[in-house]
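Asker: Sequence:
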Amino acid sequence: MNDPAQRAALEARNAALRTQVDSMLANLERQTSALRDAQAEAVSKTGTATSQDGLVHVVVNAAGIVTDVRFAPASFERSTPEKLAKSVVEVIQRAAADARRQADAAMAPFQQNVPDLPDLFPGAPSLKDLVPTPPVAPVTQPKRPDDDEPRDSLMERNDW
Numbered sequence: 001m002n003d004p005a006q007r008a009a010l011e012a013r014n015a016a017l018r019t020q021v022d023s024m025l026a027n028l029e030r031q032t033s034a035l036r037d038a039q040a041e042a043v044s045k046t047g048t049a050t051s052q053d054g055l056v057h058v059v060v061n062a063a064g065i066v067t068d069v070r071f072a073p074a075s076f077e078r079s080t081p082e083k084l085a086k087s088v089v090e091v092i093q094r095a096a097a098d099a100r101r102q103a104d105a106a107m108a109p110f111q112q113n114v115p116d117l118p119d120l121f122p123g124a125p126s127l128k129d130l131v132p133t134p135p136v137a138p139v140t141q142p143k144r145p146d147d148d149e150p151r152d153s154l155m156e157r158n159d160w
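When the letters of the sequence shown are read in order and numbered with my numbering, they come out as residues 1 to 160.
Treat the hints as calculated values from the structure; they're not laboratory data. Keep in mind the model is a prediction, meaning the values are calculated, not measured. We put the beta carbon where it would ideally sit given N, CA and C, even for glycine. Treat each hint with caution, since some may be false.
With beta-carbon atoms standing in for the labels, derived distance ranges [claimed, not checked]:
1. Gln39 <-> Ser126: 37 to 43 Å
2. Ala40 <-> Pro4: 31 to 37 Å
3. Ser126 <-> Ala74: 39 to 45 Å
4. Arg101 <-> Thr32: 46 to 52 Å
5. Val21 <-> Gly54: 27 to 33 Å
6. Asp53 <-> Met24: 52 to 58 Å
7. Val66 <-> Thr19: 49 to 55 Å
8. Gln111 <-> Thr67: 34 to 40 Å
9. Ser44 <-> Ala74: 32 to 38 Å
The task is simple: from the sequences and hints, build the whole structure.
Answerer: As structure tokens, this is what we get:
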């Protein structure tokens, strides 16, 4: 390593690698900051929905948890308890779907163009096969009891 030409070449390569690593670290810092901002935005989203008849309005947070329910003043005069209950369930589900769409949109830039393991290491298994896609939450109607027995009746208990 006493050869000045060889030493100069190694120092030049070292400087080039150092510049490349510094650039990669700066890029990683920018991406991490942008991801942090997108996550904060996604978590702050709220979903809202109003029933078709305008009697029920619901707000949910990004997790789909109900944060506000409002009934129009005429709700109890213009509807029955059964219809109102059904309307509340439907509006909550629509509001939760709205919040989910907004949160997904905030995170979308980070979920596209992400290389899979085989793209980086040929022959490696795909990570996409290991992570199942989340099922779409079905919009379901509340179930009615089959009979007139109370939910916690003696007939439903298995301890007898």
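Asker: Hints first: check each against the structure and report whether it holds.
Answerer: Each hint, compared with the structure:
In this structure the supplied range 37 to 43 Å is violated for Gln39 paired with Ser126, their Cβ-Cβ distance being about 25 Å. Checked against the hint of 31 to 37 Å, the pair Ala40 and Pro4 fails, with Cβ atoms roughly 54 Å apart. At about 56 Å, the beta-carbon gap between Ser126 and Ala74 misses the expected band of 39 to 45 Å. For the pair Arg101 and Thr32, the beta carbons lie near 25 Å from each other, so the given range of 46 to 52 Å is not met.
Taking the beta carbon of each, Val21 and Gly54 are about 60 Å apart, not inside 27 to 33 Å as hinted. Judged by the Cβ atoms, the range 52 to 58 Å given for Asp53 and Met24 holds: they are separated by roughly 57 Å. Under the hint 49 to 55 Å, the C-beta atoms of Val66 and Thr19, about 53 Å apart, fit the expected range. Our hint of 34 to 40 Å for Gln111 and Thr67 is violated, since their Cβ atoms are close to 26 Å apart.
Here the CB-CB span from Ser44 to Ala74 is close to 33 Å, well matched to the stated 32 to 38 Å.
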